[in-house]
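Please model the complete structure; the sequences and the hints are all you need to start from.
Taken in sequence, the protein lines are chains A and B.
Going by the numbering used here, the residue at position 226 of the first sequence is 226; the numbering climbs one at a time, nothing skipped.
Position in the second sequence counted from 1, then plus 621, gives you the numbering used here.
Simulated from the structure, these hints should not be mistaken for laboratory data.
One should not assume that every hint holds.
[Claimed, not checked] Here are the simulated lysine to aspartate or glutamate pairs, EDC-like style, with alpha carbons at most 20 Å apart:
no., chain 1, residue 1, chain 2, residue 2
1, A, Lys610, A, Asp522
2, B, Lys1212, B, Asp1200
3, B, Lys791, A, Glu467
4, A, Lys356, B, Glu809
5, B, Lys977, A, Asp262
6, A, Lys617, B, Glu711
7, A, Lys591, B, Glu711
8, B, Lys1212, A, Glu98
9, B, Lys937, B, Glu1108
10, B, Lys895, B, Glu1108
11, A, Lys591, B, Glu1088
12, B, Lys1212, A, Glu467
Number of protein chains: 2
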Amino acid sequence: MNDNSGISHLAALSLRVRHAILACSTRAGSGHPTSSLSAVELMTALMFGGFFNYDPLRPDYAGNDRLIFSKGHASPLFYSLWHMAGQIDEAELMTFREFGSRLEGHPTPALPFTEAATGSLGQGLSIGLGMALNARRLDKLPCRSFVLLGDSEMAEGSVWEAMEIAAHYKLDNLVGILDVNRLGQRGETLHGHDIAAWARKAEAFGWRAIPVEDGHDLRQVLAAYEQALNLGVSGAASGKPVMIVARTIKGKGVAAIEDKPDWHGKPLPTEAYKMALELLGEADPHVRGELAPPPQIQIARSEPTPVPDIAYAPDKPVATRKAYGKALARLAPAFPDMVALDGEVSNSTYAELFAKAHPQRFFEMYVAEQNMVGAAVGLAGRGKIPFVSSFAAFLTRAADQIRMARYSEANLKLCGSHAGISIGQDGASQMGLEDLALFRAVLDCVVLYPADAVSCERLVEAMARHEGMAYLRTTRMATPILYGPDENFPLGGCKILRRSDRDVCTIVAAGITLHEALAAADLLAAESIPVRVIDLYSIKPVDAATLQVAARETGALVTVEDHYPEGGLGEAVLAALADAPVPVRLLAVRKLPRSGRPAELLDYAQISRKHIASNVKDMLS
Amino acid sequence: MNDNSGISHLAALSLRVRHAILACSTRAGSGHPTSSLSAVELMTALMFGGFFNYDPLRPDYAGNDRLIFSKGHASPLFYSLWHMAGQIDEAELMTFREFGSRLEGHPTPALPFTEAATGSLGQGLSIGLGMALNARRLDKLPCRSFVLLGDSEMAEGSVWEAMEIAAHYKLDNLVGILDVNRLGQRGETLHGHDIAAWARKAEAFGWRAIPVEDGHDLRQVLAAYEQALNLGVSGAASGKPVMIVARTIKGKGVAAIEDKPDWHGKPLPTEAYKMALELLGEADPHVRGELAPPPQIQIARSEPTPVPDIAYAPDKPVATRKAYGKALARLAPAFPDMVALDGEVSNSTYAELFAKAHPQRFFEMYVAEQNMVGAAVGLAGRGKIPFVSSFAAFLTRAADQIRMARYSEANLKLCGSHAGISIGQDGASQMGLEDLALFRAVLDCVVLYPADAVSCERLVEAMARHEGMAYLRTTRMATPILYGPDENFPLGGCKILRRSDRDVCTIVAAGITLHEALAAADLLAAESIPVRVIDLYSIKPVDAATLQVAARETGALVTVEDHYPEGGLGEAVLAALADAPVPVRLLAVRKLPRSGRPAELLDYAQISRKHIASNVKDMLS
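Here you go:
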C-alpha cells in the first residue's frame, strides 16, 4: 500500500472523509469537526491501508480487529470512515446528532461498529486493553485492538493505569494512536506539539513509542503502522504495546481554523463551510474504502458443566465476601465465559478463591480501579462475563467508568466488599457507605445485598445469568446462615423472615443489618410486639408488591441500612411505596464514621438491634 | 546532621519508632506494622534530621512544612513519629484504633497533625500538590509539602495526574518519598524492587528522581534529602518536583516477617511481638525527636470588600452555568480566600469568567478531575475556599476523592455543569444524571440546584460563606429569570412559586424542570386545576417543613427532575415526608439517554410540561 497508487488512493479517501466530516457537523449545527480533521490521515490509513482486519457484515465476528475512538468527540470522523466503508449511507450520515439516529453525538452501541461508548475522556485505552487481553490470554486470537487517543485526554490518570497494566500483560496486540493536535477544549494541552514528551512517557511506562513528525503525511503514517504491526509479531521487539505518537493540526484542511483555539466543538457555519469546500477541492465521489478481511479463526470453548450444589453448615457463620469467592470458583465450570478481575485485594474480597481454582481466567489489575472496570467493559464486549471486585469504597474510584459501562451496554458484574461502618477498626476511608447510591443510580443496574452465604452464592449465580450490569455488596465479618441450600433468590425478590397476622410494623433490612433486625424482632417479641422482618436482598429491582402488602398490613415500616441514608435501601423502599405510602422510619449512618469495634460502631450509628427496637416502639407510640 | 552523632541519634530514634509501631499495633490487634516498618528511616530522617520545619504547638501555622501520609495504612508509623516528637504520649499511643481515640485506623483530622484523611490509596500526592501550589502561588511561602507514597499506590492513575500537574506548575517545593518495599497487599507490586523503573517514570513526567539504594541506610537517606532540598532552591536544577525513590524492606527489623508476603495488614501476635522486641534490642527511652522550627512568615492578605449587587434583566434568559462564573468573578474581592480550579472546560462551566478577572487565583487543572479535587482539598487545608468545576458527569471521575474530602473536613465547593438529559445533542456520555445521588450521599454535603441566574448567584455566595462541602448543579441552556435581585436563598430553604388555598397537588422541581413545572401549572390552571409549585433549589438540606405543609394542604405531590430517579430530588422529597407521607409521583429520567434536541429529550424522558400535567391529572383521578 505504501506505493504511489496506494498513497493517492488514501489521499483521495482522506479528502472525502474531510468533506463528510464538515458536511455532517455543519448540518447538525454541533459536534467536533476540528478534532476530527486532525486524525483523518491517521484513521484513513489504518482502516483502508490494509492494517485493520474487519468484516463489516459481521461486526461481532471474533476474528475482527477492534477500533475504539477514545476521543469520542471525533465522532464525525468515526461515522465518516464507516461511510467510506460503505456501511453508512449519505442520507444517514446527515442524521448525525438527530434524535433517533444511530449517529449520536458521541459513539454509542446504537451503531454496531462502536465497540464501546466513549465521550468521557481517557477510558478507551482500558477498553482496548480488555479486548487485547481477551485476544491474547483467553480466546487466543491474532486480533489487535486499535485505540485513537487525543492529547488532552492523556492528562487522565486512567490512561496511565491502562499504560502500565498493558505493559505488565505484554499486550503487543494493543496499538494506541495518539493524535497530538496540540489544542484541548480551551487551550494548549500539557505538552503542546512536543511529541517527544509523550513518547518519553510512553516508553517509561514500558511501551514502544513510534513518533510521527507529520501525522498528515500518509507516507509517514503508513510507515508507522508497518513498524507498529511488525513489532507486534516479530521476535526481538515484541512483548510491548505500541503507541504511535503523531503531530497533527487541529482543523487540518480548513485553513481558516487550523491550529486555532476557540474552534473546539464548533461546526463551521454554512457560509464558512461552503468556502472550506472550495478550498479543499472536489472529492472523487467514486473512491471507496476497503477493509482488509479478517482471518478465519477458531476459538476453543469448553462446554458448560452443570452447576454444583452448595453446602454450608447451618450453624457456622460465613462472611458473604467469602461466599462470593466460593461462588465464583464453584460456578466457573458452568459458566465458561466467566472471568474475574480484582484490584490487588483478592485476599480480602476472596476473588482469590477463583484465582486459585482458575488462574488462567483471573486477572490481577493492581490498585487501578478505573482501568480495571474499563478492561472489564472490553472483556464483556468480547463475550466474557467479567466479575470485578474491590472494596465497595474503592469502586467509587471508577464511578465514571461504571457510568459509561452502562452506555456501552456492558454485561458487567461488580462486587464491593467491606461495606458499611461495621467493618470496624480500619475507619472511614475503607467503609463503603455510598455504594448503594452509586449503583442504584445506574440505569437498570441490579443491586444486591445478601445477608448470608447461601443467598450470596445464589445471587452470584443470578448475576452470571442476568444479561446486564449487576452489583453485589458483601460484608466483612462472618454472619449466620439463614437459608437452606435449596432456597431460591430471584432478582427483584425479597424474603419475609418473620411474619404474623398481628404484625404492627415491618422492619426492612439487608446484609449485616438484617441480623440486627432479627435480633430486634426477638427483643420486641419478648415485649409482645409482633413485627414483620423482610430481607431486602434485591435492592434494585425492588419487590414493590411485597413491600406494599407489608405496608398495608402492618401500617408502618422501619428500614435499617449500614449506608448513608441518601440513595440507599431506605429510599428504595420509600420509592416503592410512593403511590400508597405509610410512615417509614429510615435508620442509616448519619454520623461521621470512625474506628472502633464493629458492634460499637453499629451502636454508634444507631443501626443496632436496640436502636431498631426502640425506633419501632417510638413509631407505635 | 549527617555526621556520626547525628546518625546515631536518628538510629536510636528509629529503633524507638519500631518499638512503638509494634507495640501499638499488637495492642490494637489490627493495623499495618509491616508497611510502617519499611519507612521508618525515611520518615525519621525527614522529621528529625532537620529537614521538616514544623511547630507542633501550632499545627495550623502557615509557616509549617506539610507532611502527608498518602500510604495512610502506615498510620502506626505516623503516630509513632508524633509520639517521638512528644505530641502523643504512650498511653494515647496504646489507644490506636480504639473507639474514641484520635489515632484512627487510617489518619484523620481527629489528630491535628493530619493534613488530610488518607487510606484510599493514591490521593495524598494531589493534596500535597494543592498545599505546594498554595505556598508557591498564593501565600508565597517558603514551605514544602512532603508526601510519603507506597509503591502499590503508584498504580493509581490519580498519582500520575498529580505527577504531571505538579511538573506543569514547576512545584519544586513538593517532595514525594516513595517507599518501594516491593510488596502490596497480596503480592509483588508492578515493579517489585526495581527502583530504576519508578525513577524512569518520574523523570519522564518531569520530576527529578533521587534513587536511594537502601532506604534503611540513614546516610543514604539523609544524603537524598539534602540533594532534594538543595535542588529546590538552587538555580540550575530547580523548577522540578522531587521524588525520592527508596528501596526498602517491608517488615524491616522483624526478621521473621521481613520481605514476606501474607504479612500485609497484620499485627504481630503477642508471642511474636515479644520475640521481635528481643531481637530489636532495647531502645533508649530518653531519646527524643526534635522538629526544626519553621521560619517566621508574613502573608499578604487583601481586605475583603463588600459584596457587589447583582443585576439581571428580568426578561433575558441566562444559563445558570454562566451565572456561576459571573458570581465567582463578582464575589472574588469579597472573599480573598476564594480560588477556582477547572478541568479544561472553563469555557463551558464559565469558570473562565473568574479566570479572566482573577488569573492569579485560577488554576487550570487539565482533564484530570481526580487530581483537581485532591489539589482543592490541599488548598482548602491551607485556608482557601476552592471552587472546583467540570461537567457534572465528569465530576463522577473524582467520586472517591470527593468521598475522602469529607473525611478531611475540607471546605470544598464543587460545581457540575451540563446536568441532565436536557443538554441535548452531545448525548449520554456528557449528561450528568447521577450527580445528585453522588453528592447527596456525602455526609453533610450541601446540594444546590438553582433554576435561574439570580438564585444561582445567591447560592454561590451562600456556598462561599458555608463552612463545609457544597455542590452546585448548573444547566447548559439559558433559562428565564424568576427572581428579583434582592431575593434571599438560604441553604435548606425553598421557594413557593404558585400557591392557592385550593391547590390539589404540589409539583416539586428544581433547575431546568422547574420551568417545565411552571408551564405545567399554567396548562393545569387553564383546566381549572390549581397546583402549588415549589422551587426546591436546596436539595440537601431539604426544607422538610415546607414540603410537609404542602403535602398536608394539597394531599399529593409530583416531583420532576432531570436526573435518574435514584438518589435524586424525588427521593429527597420522599425522605422529607417519610413520617407523614402522602402519595408522590416521581418523574425522572428512566430511559436510556440519547442525542437529540433539548425539548425533544425532555419529552422523551417524560419530564416535560405535558407529562407533568398529565401525571398530575392521573394522580387526581
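Comparing the hints with the structure gives:
At roughly 11 Å between alpha-carbon atoms, Lys610 of chain A and Asp522 of chain A fall within 20 Å of each other, so this suggested pair holds. Distance restraint check for Lys1212 of chain B and Asp1200 of chain B: the Cα-Cα separation of roughly 31 Å exceeds the 20 Å cut-off, and the hinted pair is therefore not satisfied. The hinted pair formed by Lys791 of chain B and Glu467 of chain A fails the criterion: a straight-line CA distance of about 49 Å is larger than 20 Å. Under the criterion of a C-alpha separation no larger than 20 Å, the hint pairing Lys356 of chain A with Glu809 of chain B is consistent with the structure, at around 17 Å.
Of the pairs offered as hints, the one joining Lys977 of chain B and Asp262 of chain A holds, with about 15 Å between alpha carbons and a cut-off of 20 Å not exceeded. As the CA atoms of Lys617 of chain A and Glu711 of chain B are separated by approximately 45 Å, the hinted pair breaks the 20 Å bound. Restraint check: the Cα-Cα separation between Lys591 of chain A and Glu711 of chain B comes to about 29 Å, which exceeds 20 Å; the hinted pair is violated. For the hint pairing Lys1212 of chain B with Glu98 of chain A, the CA-to-CA distance comes to about 17 Å; that is within 20 Å, so the pair holds.
Proximity of Lys937 of chain B to Glu1108 of chain B is assessed by CA-CA distance (about 18 Å); at most 20 Å being required, the pair is judged to hold. Proposed proximity of Lys895 of chain B and Glu1108 of chain B is contradicted: the alpha carbons are some 69 Å apart, above 20 Å. Our distance criterion of 20 Å between C-alpha atoms is met by Lys591 of chain A and Glu1088 of chain B, whose separation comes to about 17 Å. A distance of roughly 17 Å separates the Cα atoms of Lys1212 of chain B and Glu467 of chain A; the hinted pair therefore holds under the 20 Å criterion.
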